[in-house]
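The primary structure of each chain is shown beneath.
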Amino acid sequence: MAVTVAEEWLNACSGCEISILNIGVALLDLLPMLEFVHMPVLLDHKYFGQTGEKTDFEIPEAMVGIVSGGVRNEEHKHVLEEMRKKCQTLIALGSCAAYGGIPAQANMFKKEEVFDKIFRHCVSTDPAPDPVDPDVPPWLATCMALDEVVKVDVTIPGCPPHPDWIVEAVTALVMGESSWSLPERSVCDTCPVIREKKSAGGPIKRLFENLEFNPEEGLDKMRCINEQGFLCLGPVTLAGCAGKTGVPRCVQARTPCRGCFGPIRKGARPMVDMMGSLTSVGLDPKTVVDRRAIMNRYIGGHGFLTPLPARPGK
Amino acid sequence: MAKVIQIQPVTRIEGHAKVDIHLDDAGNVADTRVHIQTLRGFEKFCEGRPAEEMPRIVCHICGICPWAHHLASSKATDAVFGVTPPPAAVKLRRLMQAIAYISDKILHFYFLAAPDFVIGPDADYSVRNVVGIINAAPDIAQQVVRYRHLGARLLENFAGRAIHPTFSLAGGVSKPMTETERQAMLPAAKELLEFSQFSIKFAKENVFPKYLDAIKSIGVIKVGYIGTVTDDGAMDFYDGKIRLMQPDGAYEDFAYEQYTDFLGEHVEPWSYQKFPYAKKWGPLSLNLDHPTGVYRSNCLARVNVADKMATPLAQAELEEFRAAFGRPAHFTLLYHYARLIELVQLAETAVQLLEDPEITSPEVRVKVEPRAARGVGCVEAPRGTLIHDYETDADGLIKSLNLIVGTTHNNAAINLSVNQAAKEFIKAGTYDQGILNKVEMAIRAYDP
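So the sequence lines, in the order shown, correspond to chains P and Y.
Last residue of the first sequence: 314 (our numbering), numbering continuous.
Last residue of the second sequence: 762 (our numbering), numbering continuous.
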């Protein structure tokens, strides 16, 4: 019997759904095991019946529920609670669902500041009051990860998650496993670059120029990005971005990691750990420009990012 | 009795929307609204971020077109730092863009739009979807999955990431292409070109002819168009001048920095999404009988504003299209046709770029220095003219930014098309699943 699946996206960009499609031909092997009962991006099931005739909001029952995106507004919260109610196992797909993701950078600002900019201070916008309408769901106080609202059974992090892990996690659940998680390893544990445990020192360089490397040679011939004096969040980031094989994706592009898979373990303090890691190779972590935002780029939920208190005299 | 029909969620689109259709006492359509329900706040939370980080932050606006944001942002940061990237960097940016957009167009045509045409607009919702397509045409579905995936793998193997890339940066790109990489990619690009040609031929022979009535009735409106063209009027996705065309075909061209002279954005209380409009055409009016200020973006718009395509096979397709539908072509469902003409140009472009020896030049980035400046960078995103406007302080941190995203240009037009479709099909309170799906088809054509 096929396993029923419901999928929803909340404060999302659809990158996670594209990553599902990027499973490629293996998706065609997976599909016969699954019966999708609700998935707005691909299927036409509606919340209030197919002609909008019902008064109760309804998502069908499913054995597996997949939710991408964080929780930004009341509608997202409502949909998530319904998914939790109807799905036996709930998967948080992607770093927005797991940690708040990039949109949780907005947690550095008050809601009023965000709306004031968007609707009254964008150069091409005719200034207007904030939209208020029963069909425009109000923002919640912060942009949250799913587990700040409901219980989550399985987390597949990543921005986006690699298709290998989506297949592995879904297959495990289909086979009757009750949980799945990535091994607790850092990006550095899977990164082939040369490390000498020291850098040239001095302030941390911004990406105004490219890394030093010979493009004809592999990554195993390139010096560690932190040791080259640039900020790379590899030491404090969960490994797995390149799937089961392959090297870390951003490093493959000869660019530094920005932490899209989130912390290596629950309860870690990546910013504190990263400051320690930079110090250990002789760099001054205080010289990282825009430190708080950059080190919490994908993990601004769970209270990691909040508005800064007004500075005295300002 | 007056009532509201709600379509929620709008499905097989790449975002969150709800449609309300308001019926009057006689059961006829009084008004319609397409509510966009999500707002994330990029224009605010990017303030204070280092400008050189922007291309890898703003790509997260859209997981389907991250390369469009990535490149528009790279161009805006080139401008704020006052640098011109080396020629090979521009070619590599164009190549990545072409490959990413090919996958996007294949996805939309076969998996999001085709269920309405291949399974049928009135078919039961449980089969009118991608699984239905796989069962109805397994051989084609297999190829679609394969070629979409091939594009994603090409991007990943070379640029590390297919979704949310980091490859392009202020002043160029992060790494050059080696000769070995070029030789490995070229045959794959040629395969994508073959599949593109197959796709448009398949659609012209097997899909479009059956739906001529639908094309002439669903979502039809007559408004203006926006798109990017080169100096000699050819369609270009990466660079050029912006062309704003009136419904009768007259047009004006302008440089990126002038966009605020031509475009304004109106706010309605019932949607988070703004309504861009052509300032010089009067205030925005969503009156279906006399719309003003309304223009459309995305493929049909680009095909209309361009004097010609940039590549030979695509040009032949454009000539055939124009002979049948004229310029500008207004039928909304022609978006599906225009999308495939663009697919051919993108695939030809990818092959051309990979056959150009300069693409492997090791010079791919110039060093940048922070400064206080303003820079506007634009590309054509799959869904329309994408505008990134940044202002930096002396440390190169973002002081202010403004974005007009491709699909946003179509907000007013989508509302008009939904209004038209609802009025065309819902009379005296009679409607069913199939009719409401036809209203959604008016939205899907725009691929929002």
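You may find that some hints are simply not true.
Between beta-carbon pairs, the in silico distance windows are [as the list claims (entries may be wrong)]:
{"no.": "1", "chain 1": "P", "residue 1": "276", "chain 2": "Y", "residue 2": "687", "range": "47 to 57 angstroms"}
{"no.": "2", "chain 1": "Y", "residue 1": "741", "chain 2": "P", "residue 2": "129", "range": "52 to 62 angstroms"}
{"no.": "3", "chain 1": "P", "residue 1": "48", "chain 2": "Y", "residue 2": "456", "range": "44 to 54 angstroms"}
{"no.": "4", "chain 1": "Y", "residue 1": "449", "chain 2": "P", "residue 2": "49", "range": "23 to 33 angstroms"}
{"no.": "5", "chain 1": "P", "residue 1": "133", "chain 2": "Y", "residue 2": "530", "range": "46 to 56 angstroms"}
{"no.": "6", "chain 1": "Y", "residue 1": "708", "chain 2": "P", "residue 2": "192", "range": "36 to 46 angstroms"}
{"no.": "7", "chain 1": "P", "residue 1": "133", "chain 2": "Y", "residue 2": "527", "range": "30 to 40 angstroms"}
{"no.": "8", "chain 1": "P", "residue 1": "55", "chain 2": "Y", "residue 2": "527", "range": "31 to 41 angstroms"}
{"no.": "9", "chain 1": "P", "residue 1": "123", "chain 2": "Y", "residue 2": "560", "range": "20 to 30 angstroms"}
{"no.": "10", "chain 1": "Y", "residue 1": "436", "chain 2": "P", "residue 2": "33", "range": "43 to 53 angstroms"}
{"no.": "11", "chain 1": "Y", "residue 1": "398", "chain 2": "P", "residue 2": "133", "range": "57 to 67 angstroms"}
{"no.": "12", "chain 1": "Y", "residue 1": "523", "chain 2": "P", "residue 2": "1", "range": "54 to 64 angstroms"}
Not close to chain P: a few residues of chain Y, all C-beta gaps over 10 angstroms, as computed [unchecked claim]:
{"no.": "13", "residue": "450"}
{"no.": "14", "residue": "479"}
{"no.": "15", "residue": "505"}
{"no.": "16", "residue": "518"}
{"no.": "17", "residue": "525"}
{"no.": "18", "residue": "545"}
{"no.": "19", "residue": "547"}
{"no.": "20", "residue": "599"}
{"no.": "21", "residue": "622"}
{"no.": "22", "residue": "624"}
{"no.": "23", "residue": "626"}
{"no.": "24", "residue": "633"}
{"no.": "25", "residue": "639"}
For the record, the hints were derived by calculation from the structure and aren't laboratory data.
Beta carbons: idealized from backbone N, C-alpha and C, even for Gly.
Hints and how they fare:
{"no.": "1", "hint": "P:276 x Y:687: 47 to 57 angstroms", "verdict": "36 angstroms, violated"}
{"no.": "2", "hint": "Y:741 x P:129: 52 to 62 angstroms", "verdict": "36 angstroms, violated"}
{"no.": "3", "hint": "P:48 x Y:456: 44 to 54 angstroms", "verdict": "36 angstroms, violated"}
{"no.": "4", "hint": "Y:449 x P:49: 23 to 33 angstroms", "verdict": "25 angstroms, holds"}
{"no.": "5", "hint": "P:133 x Y:530: 46 to 56 angstroms", "verdict": "34 angstroms, violated"}
{"no.": "6", "hint": "Y:708 x P:192: 36 to 46 angstroms", "verdict": "39 angstroms, holds"}
{"no.": "7", "hint": "P:133 x Y:527: 30 to 40 angstroms", "verdict": "35 angstroms, holds"}
{"no.": "8", "hint": "P:55 x Y:527: 31 to 41 angstroms", "verdict": "35 angstroms, holds"}
{"no.": "9", "hint": "P:123 x Y:560: 20 to 30 angstroms", "verdict": "24 angstroms, holds"}
{"no.": "10", "hint": "Y:436 x P:33: 43 to 53 angstroms", "verdict": "30 angstroms, violated"}
{"no.": "11", "hint": "Y:398 x P:133: 57 to 67 angstroms", "verdict": "46 angstroms, violated"}
{"no.": "12", "hint": "Y:523 x P:1: 54 to 64 angstroms", "verdict": "41 angstroms, violated"}
{"no.": "13", "hint": "450", "verdict": "14 angstroms, holds"}
{"no.": "14", "hint": "479", "verdict": "7 angstroms, violated"}
{"no.": "15", "hint": "505", "verdict": "15 angstroms, holds"}
{"no.": "16", "hint": "518", "verdict": "25 angstroms, holds"}
{"no.": "17", "hint": "525", "verdict": "18 angstroms, holds"}
{"no.": "18", "hint": "545", "verdict": "25 angstroms, holds"}
{"no.": "19", "hint": "547", "verdict": "26 angstroms, holds"}
{"no.": "20", "hint": "599", "verdict": "14 angstroms, holds"}
{"no.": "21", "hint": "622", "verdict": "30 angstroms, holds"}
{"no.": "22", "hint": "624", "verdict": "27 angstroms, holds"}
{"no.": "23", "hint": "626", "verdict": "31 angstroms, holds"}
{"no.": "24", "hint": "633", "verdict": "33 angstroms, holds"}
{"no.": "25", "hint": "639", "verdict": "29 angstroms, holds"}
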